[in-house]
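Start from the sequences, fold in the hints, and give me the full structure.
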Amino acid sequence: MSELSRRSMLFGVGAVALGLAGCSTGGGTKKASDLSGNSADSMTAYAVGDRFKAGKPLTFTTLYDDNTNYPYNKDWLFWSEVSKRTGVTLNPTIVPYSDYETKRSVIIGAGSAPSIIPKTYPGQEVPFIASGAILPVSDYTDLMPNFKDKVAKWNLEGDLDALRQDDGKYYVLPGLHQDVWPDYSLAVRTDVLQKLGLQTPTTWDELHTVLKAMKAAHPDSYPMSDRWSIPTPGGNLLNLLGQSYGTAGGWGYNNATWDPNAGQFVLTAGMDQYKQMLQYVNTLVQEKLLDPESFTQTDDQAKAKFTSGKSFVISTNAQELVNTYRPALATTIPGATVVKIPVPMGPAGATKMGSRLENGLMITKNARNSPDFVAMMQFIDWLWYSDEGEVLAKWGVEGVTYTVDPAGDYRFTPDVNYVGLNPKGTKNLQKDFGFMNGNFAYGGATKLLDSMFSAEELVFQKAMGARKTLAVPPPYPLTEDERQQSTLWDTPLKDYVTQQTLKFVLGDRPLSQWDAFVGEVKSKGGTSYLNLVNKAYQRYKGKKG
Amino acid sequence: MVGRPTRGYRVFQVCNTIILTLVVVATLYPLVNIVARSFSGEGYINAGQVNLIPRGFNIKTYKAVLHDSTFWTDYGNTVLYTVVGTAISLVLTTCYAYVLSKRNLRGRTFLVGVAVFTMFFSGGLIPNYLLISGLGMRNTIWSLVLPNAISVFNLLVMKSFFEGMPTELEEAAAIDGLSTYGTLLRIVLPLSKAVIATMTLFYAVSFWNSWFGAFLYLDRPNLFPVTLYLRNLIAGASGTGSVGFTGSDAAQAAANIQSVTIVLTTIPILAVYPFVQRYFVSGVMIGAVKG
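So the sequences go chain by chain: G and X.
Under this note's numbering, the residues of the first sequence are numbered 332 to 876, in order.
Under this note's numbering, the residues of the second sequence are numbered 9 to 299, in order.
Quick list of simulated restraints, FRET-style, between CB atoms:
#, chain 1, residue 1, chain 2, residue 2, range
1, G, LYS479, X, GLY131, 41 to 51 angstroms
2, X, VAL124, G, GLN607, 54 to 64 angstroms
3, X, ILE67, G, ILE561, 25 to 35 angstroms
4, G, ASN759, X, VAL280, 32 to 42 angstroms
Note that these hints are calculated values from the structure, not bench results.
Just so it is clear, the structure is predicted and the values come from calculations on it, not from any experiment.
Glycine included, every Cβ here is placed at the ideal spot set by N, Cα and C.
Structure (structure tokens):
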């Protein structure tokens, strides 16, 4: 066996050497501002309103997230139209949607990633920063007039600050939204409401009343049985509630929450609002209005209960409503109607929260050394951030896939369909033309987003649009050491809070033990974590001046 | 066991039957359920009302999937990768195992050690990726069939099998003038059908089911095996929830299509299994008894 272990050591040394070699390839980049050797084929005067046109035909490599519902096709009009307008051919590396993130990590780690890496959610870029494999894009926004224009016009500086790392730079170009764009809410069976003479609930208290009335009419059922609880229990429900109560929960849970009055971060699980939220859910469970399995069951189980008429309220987004609930209800319960209601309001009032940044793209460090770097940045700016590029990626080509009516509204041409907006169309905007393919269009102006919604979704968006958008919390960029330290506290703490939250909600632990719980959270690293976060925030504030 | 079975034995038999029946039900139910789903209407599936018998019978989905050219391209790829991969693996494993079964081989412990070492240690994802890229095997069939062509577990099973073969046979063959290769090809292999059938099955199933290598090393959809197609289909339907904030592109793949694809993908393996199974049992047993 000694022979073996000596050999394994040799292997180990080899692996380390390989790792070091991998790291060192990222170095040797020139100063950020010196672009003299990288401006080939770019446009000297490129500004908002200009169409990017390369000096000679260029090819840029890009990662491509391939969705089964509209599988990649090299003959799509999208590719040829982009080439026709800009002279740029995109050469995609096709990655199946199922494991996009895994492959992205591997090929970035191996140093063979394409220049453009789309479909990256803010926060996902962090693991790649230390290795130096991706470009601090904030150094190059001067090359991107449309991007800068939209950031200024929609007042997105604050949102962008949240992306900044400890070096003050950000490494992902996010999709930009003009306004917060909520999608998730609750689906309610309106035919049941009507039969019982109830109004659509607008607040969580009204929802409570409605559920009680439903329970009275159907005593042997749980009127609400929720989904989206794996891996985060109550992912959507607690997220919505958290926002309404002025705290955070479910998908949106974070151990530290910004308290604007105190001017610092506080422990989320120690907030009074958090306790009130748990109190509310606990009441629903105690009165048997909310199925206790809501927090542990699979989506399929929850969907089955809702679509077979055993429950009447469930979490939804626009797609699930149209693609799952309605078709299933149509076969099982004739006459059943279901709508997505505007998110019920809570103590925080008519507000909405959320980032206006969507997933975006990373740029590989190697691309910086290419002679066509400037041209590439201009191209990216045009395709992802200019009005023309956004319309192209979403709606396609005027006269082929869409027309503009005199009022300035977009309409599909008669034979083109997209998510059922034009049911008579025989061709599919995504499958047959490659537009709206999820890789080349994110965010955009509210008008452009709305243009692709169904009439009923527009009603929802209008109701939500009227609410006040809360400011995003300030950033607290961590240094490399701090990040490692914080992970050690952050994850176990989150797990603990999740676990105890469930206990409080389901009544396994009485809320009278709340103070003891807060003490436990603090002693389990909560205080240290909070200190770290506040220290980082103060440092950021100091730097910014 | 002459005469009436004892009471204890009868109790054991009853318990045994009950437990094994439960195991059969637990194993068979998901399969029957998938088949039932594949013939059912979408609404009934989403409402969770399909169990053992299809409801809202439809075969439109079968027609649709069978007309999908991507599905057939990928299916063809899978067959190709499975056949080539299994052939390569069988040749390499047999040669290696046969050599290792010779006790008079010098450095035998070392050669076994080299193989066993790879069972416990591997380079990891990124070094492997770099290696495959460096060898220029990305986007070729070789990236799938060459790495891990020898499964150490199968190698050891085969080695034990060869060790159990009477040496007198081979000595007789040598006296009659057969070379080493002649002995292997004309004497040993014809006597090893059981283990070879078993290995073929093991390798074929693993190549048929594998998707990770293809996902990692192939960048062009026309090279993908059908397992990747299937995985993408299933993830496309269930991945929406975990993202939290989705774009509008994550449309649902119909539950019905998933079931149909699963059934179509499983059929070949299901069809081959009964024919290989009798070798399967004896082959593994023979290898396993010898230590």
